[in-house]
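*Asks:* Here is how the chains run, residue by residue.
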Amino acid sequence: MGPLGDAIKKALLAALVTFGLSFPIVVFVTSVNLSNQLVLQQRWWLAALFAGAAFIIAFAIAILRPGGTERAPLTTVMSTAPPHPIIRALPRVGLVFLIAYPFLVLLATGNAGAVKWIDNFGIQILIYILLAWGLNVIVGFAGLLDLGFVAFYAVGAYSTGLLAKTFGLSFWILLPLAGILAAFWALIVGLPVLRLRGDYIAIVTLAFAEIVRLVLVNWVPVTGGYAGVSGIPAPSIAGYTFTMGPNNIATALGLPPSPLYRLFFLFYLILALVVLCYWVTTRLRTLPVGRAWEAMREDEIACRSLGISIAKTKLSAMAAGAFFGGLGGAFFASRQGFISPESFVFMESAVLVAIVVLGGLGNMMGVAIAAVVMIGGTELLRELTVLKRVFGQDFDPTQYRMLLFGLAMVMIMVWRPKGLIASREPSVRLGSKPPARTGPVTVPAE
Amino acid sequence: MDYFLQQLINGLTLGSIYGLIAIGYTMVYGIIGMVNFAHGDVFMVSAFIALILFLILTQILGIAAIGFALLIVLVLGMALTSLWGWVIERLAYRPLRGSFRLAPLISAIGMSIFLSNFVQLMQGPNNKSLEPILTNVLVIPMGAGTVTLAEKQLLIMVVTAALLAILWYVVQRTPLGRAQRACEQDRQMAALLGVDVNRTVALTFIMGAALASVAGLLWITYYGVVSFSDGFVPGIKAFTAAVLGGIGSLPGAVLGGLLIGLIETFWSAYFSIDYKDVAAFSILAIVLIFMPSGLLGRPDVEKV
Chain B
260 MGPLGDAIKK ALLAALVTFG LSFPIVVFVT SVNLSNQLVL QQRWWLAALF
310 AGAAFIIAFA IAILRPGGTE RAPLTTVMST APPHPIIRAL PRVGLVFLIA
360 YPFLVLLATG NAGAVKWIDN FGIQILIYIL LAWGLNVIVG FAGLLDLGFV
410 AFYAVGAYST GLLAKTFGLS FWILLPLAGI LAAFWALIVG LPVLRLRGDY
460 IAIVTLAFAE IVRLVLVNWV PVTGGYAGVS GIPAPSIAGY TFTMGPNNIA
510 TALGLPPSPL YRLFFLFYLI LALVVLCYWV TTRLRTLPVG RAWEAMREDE
560 IACRSLGISI AKTKLSAMAA GAFFGGLGGA FFASRQGFIS PESFVFMESA
610 VLVAIVVLGG LGNMMGVAIA AVVMIGGTEL LRELTVLKRV FGQDFDPTQY
660 RMLLFGLAMV MIMVWRPKGL IASREPSVRL GSKPPARTGP VTVPAE
Chain S
28 MDYFLQQLIN GLTLGSIYGL IAIGYTMVYG IIGMVNFAHG DVFMVSAFIA
78 LILFLILTQI LGIAAIGFAL LIVLVLGMAL TSLWGWVIER LAYRPLRGSF
128 RLAPLISAIG MSIFLSNFVQ LMQGPNNKSL EPILTNVLVI PMGAGTVTLA
178 EKQLLIMVVT AALLAILWYV VQRTPLGRAQ RACEQDRQMA ALLGVDVNRT
228 VALTFIMGAA LASVAGLLWI TYYGVVSFSD GFVPGIKAFT AAVLGGIGSL
278 PGAVLGGLLI GLIETFWSAY FSIDYKDVAA FSILAIVLIF MPSGLLGRPD
328 VEKV
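Taken in order, these protein sequences are the chains called B and S.
If you read the first sequence in this note's numbering, its first letter stands for residue 260, the second for the next number, and so on.
If you read the second sequence in this note's numbering, its first letter stands for residue 28, the second for the next number, and so on.
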């Protein structure tokens, strides 16, 4: 048996296993018939399709990599070479593009199309970038896997909604307040988890986030339960609102009415928050506290023996990340005008963790690109009418979004644990200039 | 008194199911020190497999004897779910051995998301409910009132006890169990002494998945309904059970499962059903924070 025979053998095994996996769950689909009974329909072709795909993939892998599957590196590699010029220029170019974005869209699509492009793509993606950068501080910089980030988002959103409705506080007071309250919640969650090891932190933060959600669902007198909080006032500047109605900024300035003013305002508002987040976190990284985060991520015991307070380091990372989550929540609440527990389910946390992981833990530009691809990509897929023609009218790519997210998380961990985009940059270098040795320096994991 | 006893029976039934799932968490944690976040979803997949196999046997093949059908479903379901467990370990976890500490957990979260969405796509988002099976009940007079013990509750407790006895025998008395315990203590040393670590770990995943598949079948028999999202909450509760009992300890997982089942049932019966999941999550947080080694576990010593 030559290499070809081996490859065919492996591929046949893969096809057989795939067929075994899909035997009951793909071949038979359960559905309810007219007399409300559960009945089976058979779909052998789909299982055959899966098995065929597995055959081809396994065959390709066996041919391309005859030495067996590649093992993940046993060491973490930190590049000491300066980053590629394109990556260095990315923040500036990106910012210029984002500032011009609403106008470019307006030029390209006209008034009607611009609403969708600014709202669904621009604002939506920027919210996710803000949240993912907040989570990136906790997971990427400090190495604390937080599966409950959505709780901070919820704290920000509900404190904004409830305080605005009960006390009539202005958005501009509530925005920092929401961030601070979320940071306080992070301290409350963080204090008990201080002593826990990595994977226990993940589970406990998940538990706390679920508790928050269940309280939001069940504490009806305050939170409204599933009905949520509605009628949250939109942000205004000096008494002028951007929505339709009295005191509209457009009528005050004598401009024709249009829904675009509100979108433009919201877009630049969230863009400002994102820029603030970038500015603060890149600076925090080079401060002693930021260096302590990264040192703790690499080796907690070494850190402790060098006199770094692990408690302070963990809590500050969680509070800093949560602050941005709270800002995101405040923005979300006043943008929608309505919040309900449905927006704060575990899946949101999982999406954010997926974005941070795919972007390369700790790499801010990578995380931003991952957010654009993941959130914008699925929105784009929905736009493609070609797909509808191929897969039928009820084809909805958002159904496949989470499936691909999950698959991508596994594949990234197996093949490129450093993320798709680039390797992590050390924020502090030994000496003033990079050392002469440009090859990768290996640091033993753990 | 009769109300209390009734809740006790209900709690023990639920606890048996949690205990069976918890064993999968605790064995995997014991041997490679990872939280297999996807285990709850393996349980959900197994419940679907059991449901579909049962429908195939009764509707397509026309087997009328429910007990016989359930036995076939049990055996076939264990085999098919084990295949899932094996493939997941092989593809998503084995390549990560020796990678950085959070990598397996992140991979497991991805797997969990993948599994629940895969089942949603394949089987649709609706609840799948089966007509009630094994509806006989034993009515036991007890003081002023009566306590009902359903046939399926009895079945669940008997099956759980039998499986635990088998598992106990495998772990304590067979070469495989010896290899597992050796890997648990020191994987490198075990490998040096000729234990095939990869095979042992794979078999551990297979055993966990097989027990989860029994839990899935029992779940279908008991509740008669399953949906693609049913892996998350029972999974977390079973993990809580494993942690409460002391993660890594087999009797601990069963004890923890029974306790969680009892706490949840009594909480719903005497306090409020709305907050029953809050109770489970709070126990998880409290146990992890104040006694991370659980009831029967050994303290986790950090070696430098």
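One or more of the hints may lead you astray.
Said to hold, decoys possible - Quick list of in silico lysine to any residue cross-link-like pairs, SDA-like style, CA-CA up to 20 Å:
1) B:571 to S:316
2) B:268 to S:114
3) B:268 to B:316
4) S:303 to B:480
5) B:424 to B:595
6) S:303 to B:477
7) B:269 to S:226
8) B:269 to S:36
9) B:269 to S:316
10) B:268 to S:256
11) B:269 to S:219
12) B:424 to B:517
13) B:571 to B:456
14) S:303 to B:474
15) B:268 to S:117
16) S:303 to B:484
17) S:303 to B:605
18) B:269 to S:297
19) B:269 to S:114
20) S:303 to B:604
21) S:303 to S:102
22) B:269 to S:122
23) B:269 to S:256
24) B:268 to S:110
25) S:303 to B:473
26) B:375 to B:605
27) B:269 to B:316
28) S:303 to S:256
29) S:303 to B:601
30) B:375 to B:517
FYI, nobody ran anything at the bench for these hints, they're computed from the structure.
*Asks:* Compare the distance between the alpha carbons of residue 303 (chain S) and residue 604 (chain B) with 20 Å, and conclude whether the hinted pair is satisfied.
*Replies:* holds (17 Å)
*Asks:* Decide if the proposed pair is consistent with the structure: residue 269 (chain B) and residue 316 (chain B), CA atoms, cutoff 20 Å inclusive.
*Replies:* holds (10 Å)
*Asks:* If you draw a straight line from the CA of residue 268 (chain B) to the CA of residue 110 (chain S), is it 20 Å or shorter?
*Replies:* holds (19 Å)
*Asks:* Residue 571 (chain B) and residue 316 (chain S) were given as a pair; does the straight-line alpha-carbon distance stay at or below 20 Å?
*Replies:* holds (18 Å)
*Asks:* Would the hint linking residue 303 (chain S) and residue 474 (chain B) be met if the CA-CA limit is 20 Å?
*Replies:* Distance ~11 Å between residue 303 (chain S) and residue 474 (chain B) Cα, so the pair holds.
*Asks:* Within a Cα-Cα threshold of 20 Å, do residue 303 (chain S) and residue 256 (chain S) meet the stated pairing?
*Replies:* Holds. Residue 303 (chain S) to residue 256 (chain S) sits at ~18 Å (cutoff 20 Å).
*Asks:* Please work out if residue 303 (chain S) and residue 102 (chain S) have their alpha carbons no farther apart than 20 Å.
*Replies:* Violated - the C-alpha atoms of residue 102 (chain S) and residue 303 (chain S) are around 33 Å apart, more than 20 Å.
*Asks:* When you check the alpha-carbon spacing of residue 269 (chain B) and residue 219 (chain S), does it fall within 20 Å?
*Replies:* violated (29 Å)
*Asks:* Between residue 268 (chain B) and residue 316 (chain B), is the straight-line Cα distance small enough, at 20 Å or below?
*Replies:* Distance ~13 Å between residue 268 (chain B) and residue 316 (chain B) Cα, so the pair holds.
*Asks:* Between residue 269 (chain B) and residue 122 (chain S), is the straight-line Cα distance small enough, at 20 Å or below?
*Replies:* Holds. Residue 269 (chain B) to residue 122 (chain S) sits at ~17 Å (cutoff 20 Å).
*Asks:* Is the hinted pair residue 269 (chain B) and residue 316 (chain S) satisfied, with a Cα-Cα distance of at most 20 Å?
*Replies:* Roughly 47 Å separates the two Cα atoms, so the pair is violated.
*Asks:* So if I understand the rule, the pair passes when the alpha-carbon distance is 20 Å or less; does residue 424 (chain B) with residue 517 (chain B) pass?
*Replies:* Judged against 20 Å, a Cα distance of about 26 Å means the pair is violated.
Hint check: violations occur at hints 8, 9, 10, 11, 12, 18, 21, 23 and 26; the rest are consistent with the structure.
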